[in-house]
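Chemist: Below, each chain spelled out in residue letters.
Protein chains: 2
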Amino acid sequence: MLNYNKKLPDGASDWVVTEENFQTLALGKCEAVMALGNGYMGLRSAAEESYVGEKRNLFVNGTFNRFDEFEVSELPNAADVTGLDIRVDGKRFTLEQGEITEYSRSLNLRDAELVRSFIWTNAEGKKLEFTFRRFVSLDRLHLIGMKLDIKSLSGSVKVSIASGIDAQVSNSGSQHFHEGEKRIYDKKYLELIQTTTESKVDFVIGAAHRLKLDGQEIENSPAMEIDRRKVAVAYSVDLQEGQSLSFEKVATVHTSRDLAYAQDYSLPAMREHALGDLKSVYAAGYDALFQDHASAWAKVWNEYGITIESKNSFDLLALRFALYHMVVMTPAHDRRMGIGAKGLSGEGYKGHSFWDTEIFILPFYIYSNPKTARSLLEYRYLGLEGARRKAKENGYAGAMYPWEAAWPSDGEVTPVWGAVDIVTGEQTKIWSGFIEQHITSDIVYAVWHYYRATGDEDFMERYGYEMIFDTAIFWASRLEWDEAEGRYEINEVVGPDEYKEHVDNNAFTNYMAHFNIELAMQYYSKLETERPELFKHYDELLNLKEARKVWESKLDLIYLPQPNENRIIPQDDTYLQKEIIDLTPYKDQEKVGSIFNDYNLDQVGNMQISKQADIMMLFFLLENKFAPEVKLANYEYYEEKTLHDSSLSLSTHSILASDFGDKELAYHLFKRAAEIDLGPKIHSSDAGIHAASLGGIWECVVMGFAGVRMLDGQLHLAPKLPDHWEKLSFPLHWQGKPLEISITPQQISITNTASEPVQLFVNGELQVVQDTAIF
Amino acid sequence: MLNYNKKLPDGASDWVVTEENFQTLALGKCEAVMALGNGYMGLRSAAEESYVGEKRNLFVNGTFNRFDEFEVSELPNAADVTGLDIRVDGKRFTLEQGEITEYSRSLNLRDAELVRSFIWTNAEGKKLEFTFRRFVSLDRLHLIGMKLDIKSLSGSVKVSIASGIDAQVSNSGSQHFHEGEKRIYDKKYLELIQTTTESKVDFVIGAAHRLKLDGQEIENSPAMEIDRRKVAVAYSVDLQEGQSLSFEKVATVHTSRDLAYAQDYSLPAMREHALGDLKSVYAAGYDALFQDHASAWAKVWNEYGITIESKNSFDLLALRFALYHMVVMTPAHDRRMGIGAKGLSGEGYKGHSFWDTEIFILPFYIYSNPKTARSLLEYRYLGLEGARRKAKENGYAGAMYPWEAAWPSDGEVTPVWGAVDIVTGEQTKIWSGFIEQHITSDIVYAVWHYYRATGDEDFMERYGYEMIFDTAIFWASRLEWDEAEGRYEINEVVGPDEYKEHVDNNAFTNYMAHFNIELAMQYYSKLETERPELFKHYDELLNLKEARKVWESKLDLIYLPQPNENRIIPQDDTYLQKEIIDLTPYKDQEKVGSIFNDYNLDQVGNMQISKQADIMMLFFLLENKFAPEVKLANYEYYEEKTLHDSSLSLSTHSILASDFGDKELAYHLFKRAAEIDLGPKIHSSDAGIHAASLGGIWECVVMGFAGVRMLDGQLHLAPKLPDHWEKLSFPLHWQGKPLEISITPQQISITNTASEPVQLFVNGELQVVQDTAIF
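Those sequence lines, one after another, are chains A and B. Be aware that the first sequence starts at 0, since it is given in numbering that gives the first Met the number 0, and climbs by one per residue. Be aware that the second sequence starts at 0, since it is given in numbering that gives the first Met the number 0, and climbs by one per residue.
Simulated from the structure, these hints should not be mistaken for lab results. Hints are supplied without guarantee of correctness; some may be wrong.
Copies of one chain are not kept apart here, so a pair can be met inside one copy or by any two copies together.
What the hints assert, rightly or not - Calculated lysine-lysine pairs in the DSSO-like style (CA-CA distance at most 30 Å, straight line):
| # | residue 1 | residue 2 |
| --- | --- | --- |
| 1 | Lys640 | Lys590 |
| 2 | Lys298 | Lys278 |
| 3 | Lys428 | Lys186 |
| 4 | Lys544 | Lys525 |
Given the structure is predicted, the values throughout are model-derived calculations rather than measurements.
Please put together the full structure from these sequences, using the hints given.
Modeler: Structure follows, in structure tokens:
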């Protein structure tokens with residue numbers, strides 16, 4: 000459906016994602032995969048004209064609202080500004096009728112412009128050339144720009160366009176906004192002011208239009224419409240053969256959650272500012288605004304200048320696609336906000352942040368843009384409030400992070416009910432919010448990873464230590480003493496493998512909890528010795544000395560499942576005793592989730608079937624705690640029982656395959672991971688792109704193929720490039736120093752532009768690099 | 000667009016409303032005009048497959064909910080059961096693609112079945128015959144029946160149908176329901192339980208499907224889906240050439256507002272009952288259920304057996320169409336509910352009741368089905384609670400009825416903001432809820448009309464007198480003394496003509512208030528003399544004796560505008576002084592509301608422009624208070640200033656034209672009134688059919704062409720049939736006696752089947768009829 004081998008202008012094949020044929024069944028795919036955004040907001044790329052099955056979504060990061068007491072907070076779908084009701088000689092324009100030639104819809108990753116063009120002949124034989132352009136400005140975070148050019152290729156034709164701000168939208172039916180106030184100033188500037196129902200976030204959305212006939216601006220007094228949740232204008236223009244109509248629309252979005260209003264807010268002031276902003280972007284016009292936006296993207300690509308020279312241009316395209324989406328989804332401008340599991344590209348997962356951020360996306364930022372990595376970790380620091388509440392509500396001490404997080408102070412927001420149970424016909428209960436507890440140590444792992452890779456002491460002193468200590472306090476209170484075994488256990492959990500609910504001693508969970516407490520003890524000693532004042536501060540805040548005693552008494556008694564006689568580490572207490580069935584029918588890439596056509600979750604839970612990497616994830620995160628032969632044995636054992644039904648699974652397996660030296664498998668899994676969104680599966684991205692998988696693509700390349708790791712605080716590089724790759728180069732930040740790494744099958748080149756030398760292990764050998772070194 | 004002259008089977012042309020070509024711009028028209036219902040619920044006739052611009056509506060009478068504190072109560076749009084996602088060889092079926100022949104969509108008024116059929120050839124050349132059938136049972140009020148037959152006319156084809164209950168709907172964005180609980184029993188019985196957010200009305204909606212291949216029931220285990228606000232199943236069937244698939248769906252709707260639960264309600268009990276009901280209708284099957292429904296309609300047409308013999312079959316079709324819609328919209332089963340201004344056929348006017356019921360629809364019931372007329376008036380009796388509150392809130396005494404009414408106890412529910420003001424770009428304020436006050440006397444007029452036509456003393460003793468007395472108390476407190484003129488005035492109102500806001504002494508309002516007080520005084524004397532106990536009861540309740548003193552002191556001092564030197568009664572104090580402009584450009588039937596393209600409401604308010612009948616309405620209601628020459632002079636003066644921008648206008652003008660003996664004009668206006676919904680205007684019914692206009696069609700025929708009136712408690716008959724009518728006959732209830740009236744150009748035949756004689760004026764002469772009399 001999406002095509003990457005299209006004959007494109009030189010150099011475009013690894014920059015442009017293109018849809019070559021109009022297909023109504025592919026609406027969701029393109030809407031999500033080609034979604035636009037700038038971290039402040041995300042705009043799903045629905046076509047201007049409407050189609051059955053479309054999802055128009057505009058999300059503004061951090062504007063969570065809760066529809067009612069039975070639902071959890073989610074990112075509300077804000078009013079749509081992209082829809083146009085286009086009439087040609089009075090009939091509604093739609094690609095479902097008439098004849099289409101030269102169709103193309105493409106997202107150019109380089110300048111983040113969405114372009115759709117085609118020649119359309121209607122039932123009456125009138126021929127028109129359409130070109131739609133759209134961007135969400137990276138230069139002005141509140142701006143959406145749109146442009147439509149229509150040229151009459153045959154005879155005269157009347158074109159009417161109704162356009163405005165349409166808030167008759169919802170989140171699959173849940174309405175998060177009061178109707179609000181609607182206004183048209185000077186028959187030109189449209190304004191809609193809406194407030195979310197529970198969180199009381201004010202939105203001010205503006206829109207204005209400019210029409211040009213053959214490049215000449217035309218005055219055209221529009222018909223005006225104000226309806227329920229809607230304000231619009233309608234223009235009509237007669238086009239002679241050969242004439243072109245250019246229809247520009249600029250829209251602005253401001254909300255009371257904007258950082259600008261964090262301290263001092265009034266709606267009248269925002270409203271005035273927003274109207275001024277609208278007038279200013281309207282005065283600038285599409286072309287100038289787009290230029291500024293394109294320049295901002297040029298800076299991004301310059302900064303994240305990762306490139307692959309490969310016989311297959313898809314490899315680089317997929318990598319750029321991943322980086323593109325990470326940029327558009329990440330609220331780098333505001334530490335009060337996290338990254339949603341579907342970014343800002345769909346309603347899936349309600350805009351909530353999972354461990355996806357810390358484990359799959361954060362590494363990219365740690366090594367490419369430490370400032371943004373820090374902002375994302377500070378979001379978790381702000382989340383301590385909710386984490387402490389969650390711990391308390393569950394009868395524990397310290398900070399227990401929510402499995403799903405929205406606004407930092409919200410605490411747990413995982414919904415309780417999911418899809419149908421095919422046996423009972425009831426909705427399945429989602430247990431993650433209650434018992435998928437490893438998220439707490441995942442966040443601590445990320446803090447540690449960030450700190451060791453950047454050396455950012457300031458972050459640790461302000462935020463990091465407190466997070467590590469208070470989570471360790473949680474884990475210590477969470478441990479359960481087993482008198483018979485004489486050990487501490489963690490029972491009744493869900494591990495990363497979500498097909499196993501209510502298990503005892505999930506290896507990943509236990510090891511990571513152990514890691515968390517051990518880390519706290521290590522930093523306890525460090526602060527006590529080196530930073531007595533800071534130590535005193537945290538001791539007073541968290542009663543550290545008492546906590547330390549508990550940690551010490553429990554740490555070595557935590558049960559860490561060991562390899563059995565076949566070197567297999569049991570995923571949990573009962574996994575290895577469960578029935579094994581042939582999973583071949585369900586393992587096909589096309590069959591994600593198909594196991595549930597035949598079994599319900601209870602039944603799947605009683606078989607050796609894993610949704611995703613679990614023990615493998617443990618090997619990836621704590622790699623030097625396990626012997627290579629143990630890793631390999633477990634890889635072989637568990638992989639065949641893993642359905643990869645989670646998009647978090649493939650990249651981890653690819654990295655481990657790289658570690659094991661199986662280049663072919665590693666590349667195969669990388670490609671499959673890339674195809675989660677970019678592949679042919681038509682509905683895979685309907686609810687939004689897969690943020691963790693996109694972060695995983697970068698991980699496959701940099702941590703897998705280039706073998707970048709932080710081990711015991713040291714940087715490691717151990718490339719295993721896929722055979723058809725000629726070169727991989729990328730920037731890498733290490734301890735505040737920007738490095739440039741370039742890898743070919745023959746050599747590794749490292750450039751250090753900082754004035755101080757950098758130490759790192761290259762293929763296991765310690766090296767010191769000043770300026771440029773070749774290995 | 001709709002065709003009534005289509006070659007139909009004998010006798011069908013005056014029973015069937017047909018759409019002969021599929022047109023996406025006509026979606027709203029057919030959805031509303033062909034809407035189904037049974038008074039309990041109303042179902043808009045959207046196609047099974049979805050189209051852009053469609054409105055799927057299912058309303059259950061009386062289930063009002065208020066979205067938030069900024070909106071008023073409205074009838075919530077309940078979950079959709081009519082949508083089917085049909086795939087042919089994997090591609091979504093839509094009439095926007097492929098080739099269509101033999102298309103027809105028709106509503107048969109006789110058995111209230113909606114049938115849509117066509118032959119469709121897809122892009123791949125596969126030819127299929129589709130027939131969709133649907134009814135909302137008049138026999139089982141909680142039942143919706145649907146049936147789809149698909150026959151393969153060429154080769155083998157895979158047909159998939161996804162169907163269920165979809166609550167991802169809203170009222171133009173306002174969501175009235177909590178998400179609710181979803182369940183599938185035995186892979187067959189789908190259930191959705193939802194509760195309205197504010198009024199806490201529980202809905203239980205069920206659905207079940209049956210598939211037959213060439214008449215043989217097939218077991219087909221469906222795929223099941225539970226999503227947000229949605230529960231569905233999907234079936235797939237392979238059809239060989241010549242094979243037919245029959246897909247039946249039955250759906251049931253129950254709510255906690257059902258009369259059955261008025262005293263004793265629990266959700267588990269309703270849920271159990273609803274599931275039992277679903278299983279029972281499923282067991283019965285479409286055909287048997289439809290037969291029972293058709294029989295119920297046969298009874299209706301037998302009871303309301305009005306017929307016209309005319310050279311134009313449209314006349315009878317339009318009349319039947321009016322009766323059909325009155326039946327489907329009227330909650331005859333439950334006196335706690337009123338009739339919405341759009342019936343149950345659209346979101347327009349939010350399901351609220353206006354004076355439309357009492358003035359335009361009630362006469363039909365008074366003379367055709369007095370029991371239902373009484374139920375509708377009892378709804379207003381129950382509304383006294385809200386009316387008293389409204390009076391109090393406005394600083395008045397007694398009962399001041401709300402301009403718009405929802406649940407009886409709600410009081411005023413008129414929204415405050417309307418369409419755009421083309422001058423200021425802001426929303427226009429709607430004043431009716433504050434100052435359109437004639438509704439109170441309109442209701443009293445209807446009580447009086449009902450009482451004098453039926454002689455229902457029981458109604459009066461329980462409800463009627465109290466309504467009349469307490470509204471007279473309101474009016475007495477509402478009157479304003481003008482010292483200079485030495486009279487009581489009613490200032491700052493909107494009369495029936497809503498283009499004149501904030502006027503003083505609207506003639507209609509003043510005369511009707513006078514009528515209201517005068518009537519109260521009359522019944523005061525009657526009760527005091529004839530029914531001392533009842534008198535005592537009301538005196539204690541309402542302090543009648545004091546009230547009577549006030550009435551007496553004010554009645555004759557109420558200012559009743561008199562004809563001027565040109566016999567013109569001023570519509571209000573300033574109307575006749577305003578500018579007169581040429582309204583020709585706006586008077587065309589196609590141009591309803593077009594005045595607002597050029598002027599805003601303030602500007603229209605300052606010219607002699609009327610939206611609708613105002614003085615004419617007064618002549619119609621209180622006809623023997625005005626001399627014929629005054630009526631005619633005013634008719635001629637005001638008609639040319641009246642745009643008929645309200646659907647309440649034409650029928651009144653038609654009746655007056657009949658009174659004046661202008662048969663041609665009377666028929667012309669009748670036809671225009673009928674064309675409000677049935678005519679070619681493509682968007683006129685988008686928000687729903689025009690309930691008052693439909694009642695007005697019956698009024699044109701029976702009160703206009705047959706000249707039926709109640710004057711001073713006496714029945715009058717004075718026919719003026721249109722020239723091309725050969726016969727008009729209809730049933731007429733008078734004083735509890737069922738009469739049959741039959742009128743030809745030559746004679747009038749009256750049959751009285753009661754044992755007692757009936758007195759009536761025929762063409763002005765008093766007659767006594769026993770058995771049958773010919774005049």
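Chemist: Hint by hint, work out which the structure violates, then give me just those numbers in ascending order.
Modeler: Those not satisfied: there are none.
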